[in-house]
Amino acid sequence: MKLQPLGDRVIVRPLKAEEITKGGIVLPDTAKEKPYEGEIIAAGKGRIRDDGSVKALDVKVGDRVLYSKYGGNEIKMHDNGEEVLIMHESDILAIVK
Amino acid sequence: MKLQPLGDRVIVRPLKAEEITKGGIVLPDTAKEKPYEGEIIAAGKGRIRDDGSVKALDVKVGDRVLYSKYGGNEIKMHDNGEEVLIMHESDILAIVK
Amino acid sequence: MKLQPLGDRVIVRPLKAEEITKGGIVLPDTAKEKPYEGEIIAAGKGRIRDDGSVKALDVKVGDRVLYSKYGGNEIKMHDNGEEVLIMHESDILAIVK
Amino acid sequence: MKLQPLGDRVIVRPLKAEEITKGGIVLPDTAKEKPYEGEIIAAGKGRIRDDGSVKALDVKVGDRVLYSKYGGNEIKMHDNGEEVLIMHESDILAIVK
Amino acid sequence: MKLQPLGDRVIVRPLKAEEITKGGIVLPDTAKEKPYEGEIIAAGKGRIRDDGSVKALDVKVGDRVLYSKYGGNEIKMHDNGEEVLIMHESDILAIVK
Amino acid sequence: MKLQPLGDRVIVRPLKAEEITKGGIVLPDTAKEKPYEGEIIAAGKGRIRDDGSVKALDVKVGDRVLYSKYGGNEIKMHDNGEEVLIMHESDILAIVK
Amino acid sequence: MKLQPLGDRVIVRPLKAEEITKGGIVLPDTAKEKPYEGEIIAAGKGRIRDDGSVKALDVKVGDRVLYSKYGGNEIKMHDNGEEVLIMHESDILAIVK
Chain A
0 MKLQPLGDRV IVRPLKAEEI TKGGIVLPDT AKEKPYEGEI IAAGKGRIRD DGSVKALDVK
60 VGDRVLYSKY GGNEIKMHDN GEEVLIMHES DILAIVK
Chain B
0 MKLQPLGDRV IVRPLKAEEI TKGGIVLPDT AKEKPYEGEI IAAGKGRIRD DGSVKALDVK
60 VGDRVLYSKY GGNEIKMHDN GEEVLIMHES DILAIVK
Chain C
0 MKLQPLGDRV IVRPLKAEEI TKGGIVLPDT AKEKPYEGEI IAAGKGRIRD DGSVKALDVK
60 VGDRVLYSKY GGNEIKMHDN GEEVLIMHES DILAIVK
Chain D
0 MKLQPLGDRV IVRPLKAEEI TKGGIVLPDT AKEKPYEGEI IAAGKGRIRD DGSVKALDVK
60 VGDRVLYSKY GGNEIKMHDN GEEVLIMHES DILAIVK
Chain E
0 MKLQPLGDRV IVRPLKAEEI TKGGIVLPDT AKEKPYEGEI IAAGKGRIRD DGSVKALDVK
60 VGDRVLYSKY GGNEIKMHDN GEEVLIMHES DILAIVK
Chain F
0 MKLQPLGDRV IVRPLKAEEI TKGGIVLPDT AKEKPYEGEI IAAGKGRIRD DGSVKALDVK
60 VGDRVLYSKY GGNEIKMHDN GEEVLIMHES DILAIVK
Chain G
0 MKLQPLGDRV IVRPLKAEEI TKGGIVLPDT AKEKPYEGEI IAAGKGRIRD DGSVKALDVK
60 VGDRVLYSKY GGNEIKMHDN GEEVLIMHES DILAIVK
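In order, the protein sequence lines correspond to chains A, B, C, D, E, F and G. Take the first sequence: its letters are residues 0 to 96, numbered as in numbering that gives the first Met the number 0. Take the second sequence: its letters are residues 0 to 96, numbered as in numbering that gives the first Met the number 0. Take the third sequence: its letters are residues 0 to 96, numbered as in numbering that gives the first Met the number 0. Take the fourth sequence: its letters are residues 0 to 96, numbered as in numbering that gives the first Met the number 0. Take the fifth sequence: its letters are residues 0 to 96, numbered as in numbering that gives the first Met the number 0. Take the sixth sequence: its letters are residues 0 to 96, numbered as in numbering that gives the first Met the number 0. Take the seventh sequence: its letters are residues 0 to 96, numbered as in numbering that gives the first Met the number 0.
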């Protein structure tokens, strides 16, 4: 089974603790709206402009990203019990390189 | 009797438990705004742009989709007692393939 | 006496119980924002775009429709004591065929 | 003394009870946002579009209309003690013919 | 000292009771958002459109107007102790002729 | 040290009491959203339109202005202990001439 | 590890107390929405306009800036324990020169 996000949505797999701990990012306890680290596992085709052209996404499958949890929808995949999130690209804050 | 949704609206039939359980998606209890799985059973012609052209929908009848329950209107069909939802295409998160 | 709705407004006559019960639609008790079934009895000329052209309505007098009660204005006609609603076309969810 | 409404505003004189009772419209007690019946006694030139052209109003002085009370400003004329309302044309729901 | 309002703002001098009482307008006690009567004593050049052209104001210095008090800023002039209001032209409801 | 405001922002130095008292403006106690008097000490280049051109500001360094306190950010300069405000030009109500 | 902000976002490193104290800016205790001083350490490519062109940012890496804390996301870098903020360029108030 595969999920194809619509429009400018992406599916993000949150990184596990052991994946983040190597030279990564930690969120301070004081942050009100916390960003999280994850990996893009599916991406929509982009936003269709009013003239019919497509604004392609700036992220692609495989990108490691920081995202804002605000606005995302959590889903749990049956195949492997993995919990992923569907969100708009605007909820992606930065690409981790 | 048939329902023709207006504009960019679609009608979604929520999947029953026995339909979802094969390699599907389960929603964790912690999700605040839960997405659901369903099947598109009717679709509007699309949104009419200001220049008169039509932005066709990205989903079609028969598509299995994840949708956000927020914003949809529940209706119960007399024919078969089936409960379906009318929503805007923007409430469709992803196509399940 | 006749009512001519302005712009993209329509007047809807809610269907009576005996009219709906033949192969129709019933609303479940759990729906938060309930759609209703009715008949279009008057329709505006449509929304005038900024370039002066008119976006005609997708519904016409005589159409049987599902509508969202949110946003409509109730009025009672003196002639026959009938209660009807004036609403924007965007409050019409689907045409019942 | 005369009032010239600005832009897309109109001045409406609410109909008195004895004027409405002939084949007119009565509002049910259950309506949350009640429309009212009145007569247009002054009208602005219309909304000026960004290109400088004018979107003329769809109503004219003398029209009998249904209006939504929401948004209107009540004023009392000194000449005759008459209470009238200044509102945007978008608060006019329908023309009564 | 002189005040030059910016953009589409105007400065209005509220009429005193003795100025209003000749054939003027009185506000009923029941009005929720009361309009007031005043005189335009200064006016901005108008709103600058995105293409750089200027949308001139529909009111001019000397006009007697009805205005909505909502949104205006009260200031008191040192010269003569007069209290005036700075507001957007959209807060002007009608010109009194 | 110098501050260069971004876009359509300006920096305003509030006038001191002794600067205002000559033929100036006093705010009545009843004003809900009080305007203040100050001097523009820095100004951004203006708002960049979508076509890339720049909408220059209507105020310039040295202008004495009335401003609405709503929306401004207070900062205190180390050099001279002076408290100034950074705000959008839309918070400037009028130029005092 | 490096963070590449998306769109019109920037990453700001808040200045430490010892960095600010030389001829800098101090925030008064009375400010409701406090601006802060920091350094741009990463910047997105800019906002993509609807015609596909890019509105480049007005700030660049190395700029010392005043920013509004409202809207920013705090993150803590693992490398050096440094806490930085990801924000939209519109949260940058001024460049400190």
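Where hints are given, some of them may not hold.
Calculated cross-link-like contacts (lysine to aspartate or glutamate; reagent style EDC-like; alpha-carbon spacing at most 16 Å) [as the list claims (entries may be wrong)]:
#1 Lys-54(G) / Asp-50(F)
#2 Lys-44(E) / Asp-57(F)
#3 Lys-68(C) / Glu-82(C)
Think of the hints as simulated: they come from the structure by calculation, not from any bench.
Run the structure past the numbered hints and jot down the numbers of the failing ones, going up.
none
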